[in-house]
Amino acid sequence: MYHIISIHDFERSDLDYLLDRAKEFDTGGYRSRALEDKLAALLFFEPSTRTRMSFATAMARLGGRWISVDSVEASSIVKGETLADTIRVMSNYADAIVLRHPKEGAARLASEFATVPVINAGDGAGQHPSQTLLDLYTIRQSMPIDGIDVGLLGDLRYGRTAHSLALALAHYGVTLHTIAPGGLEMPASITLELREHGMEVVEHADVGEVIRDLDVLYVTRIQRERFPDSASYYNVASSYRITLDLLNGVRDDLMILHPLPRAGEIDSAVDRTPYARYFEQAKNGVPVRMALLHEVMK
Amino acid sequence: MSRKDPSGGLLISPIRNGTVIDHITAGEALNVLRILGITGSTRECLSIATNVESKRLGRKDIVKIENRELRTEEVDRIALIAPHAKINIIRDLQVVEKKGVEIPRVLRGVVRCPNPGCITNTNEPVESTFEVLDKGLHCLYCDWLIKNDIANHII
Ligand SMILES: Nc1ncnc2c1ncn2[C@@H]1O[C@H](COP(=O)(O)OP(=O)(O)OP(=O)(O)O)[C@@H](O)[C@H]1O
Ligand SMILES: [Mg+2]
Ligand SMILES: [Zn+2]
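Respectively, the protein sequence lines represent chains U and H.
When the letters of the first sequence are read in order and numbered with my numbering, they come out as residues 1 to 298.
When the letters of the second sequence are read in order and numbered with my numbering, they come out as residues 1 to 155.
It is possible that part of the hints are untrue.
As the list claims (entries may be wrong) - The calculated lysine to any residue pairs, modelled on SDA-like cross-linking and capped at a C-alpha distance of 20 Å, are:
(1) H:Lys147 / U:Leu192
(2) H:Lys135 / U:Arg195
(3) H:Lys135 / U:Lys23
(4) H:Lys135 / U:Glu196
(5) H:Lys147 / H:Ala79
(6) U:Lys23 / U:Phe10
By construction, these hints were calculated from the structure, which means they are not laboratory data.
Work out the full structure: start from the sequences and follow the hints.
What follows is the structure, encoded as structure tokens:
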């Protein structure tokens, strides 16, 4: 049985295979009723509109059906049922389980109790492999990933989206440029792990000093909760904001990505430039999730 | 060959049958017992000597457990904090078996994950599981890395 839990579990060849599959789904090279007799359980124990909708869309586009739990209140969690029990029961209803849960490692646990495949749709501050795959997919749509320069900007300390992406990019000989506010730098343990994988990691104090050398700028959210008061938050947030001015002299094919939803990290004026690729990125959630659902249930 | 008097020079008396854990890193005897799940409320008859002089380690701790022979799998986990420990199985006052300890590759239920958001710190029916790496202990559920102070995280 095939579970999709963490990007750490994937070799380069696995990533390439899934990205190739996603491309087939994206360009219509699939049977539209490929999952006709299949039922997916979308268990979302934490709010998430985008991810849940894109899994549901992916299922529908493959002719499959789904059942869902969309909030903790509605579920038996409030009655104290363990996730392990919920998963054992759901395994008897559905052909695959897509899980979003507030606790890190929840998907790993689910895979141990499930008798059907589990896809991790985000476990707290932990892994979110379908997001990483769609990030890679979006980059690969425009350029081969090998050897490019990728900038990661924002909260690189707590933002695990950035960690998973960085780790996946390490398979492709990418040079990583990190740009983070003081106190939100990438943890040394992650940087070490990336370097152990042979990745060149360069830290920058300021996005302006590196943006002209980048192929991809990946912007993540800086959360207000990380700051002692709003003044210091606004101060940092405004100095990390992507504006039109900043884009003077960048490479023609620079891609700006963001996992969305964004707060104020990217000025909306940037949306009209050819560099803005975040909406396309969000759209890619569907073919990537079609590939994952198809892969585990085919 | 005549057996030397095991109590010779020692503060604690010989045991007839059981296990002697010798060459424990000085000061770690109580942590060793904690890892082995032997506490004041379990039945074992114990003698503990700490900070005794040792030719090899300078100072060391020793634990003697009467009427219980520890198995390799249960003892190996103490290698985390006492890598030089020697396990001596005693039968009828004699050392009949002596072995070192080896750090296991995976530790189950030994160390609590320091990440409050980790699924192993909930009421789910799972044991904490850490993979032992050169750089520390890696939680197989949440990817947390414990780099030092391992004894403080022992359950
Ligand atoms: N019957 C016994 N009761 C209690 N302690 C014992 C008994 N027999 C041996 N020991 C203790 O067990 C440990 C190992 O005994 P052993 O006779 O093998 O000593 P050793 O030759 O010094 O071994 P090592 O090289 O491991 O230090 C010593 O600390 C010894 O005091
Ligand atoms: Mg000796
Ligand atoms: Zn953990």
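Evaluation of the provided hints:
1. Simply put, Lys147 of chain H and Leu192 of chain U have alpha-carbon atoms about 13 Å apart, close enough for the 20 Å limit, and the pair holds.
2. As the CA atoms of Lys135 of chain H and Arg195 of chain U are separated by approximately 14 Å, the hinted pair is consistent with the 20 Å bound.
3. This hinted pair does not check out: Lys135 of chain H and Lys23 of chain U have alpha carbons roughly 38 Å apart, beyond 20 Å.
4. A threshold of 20 Å between alpha carbons decides the hint, and for Lys135 of chain H with Glu196 of chain U the separation of about 12 Å falls inside it, so the pair holds.
5. For the proposed pair Lys147 of chain H and Ala79 of chain H, the alpha carbon gap of about 16 Å is at most 20 Å, so the pair holds.
6. About 18 Å separates the Cα atoms of Lys23 of chain U and Phe10 of chain U, which keeps this hinted pair within 20 Å; it holds.
In this structure, only the earlier hint numbered 3 is contradicted, and the remaining ones agree with it.
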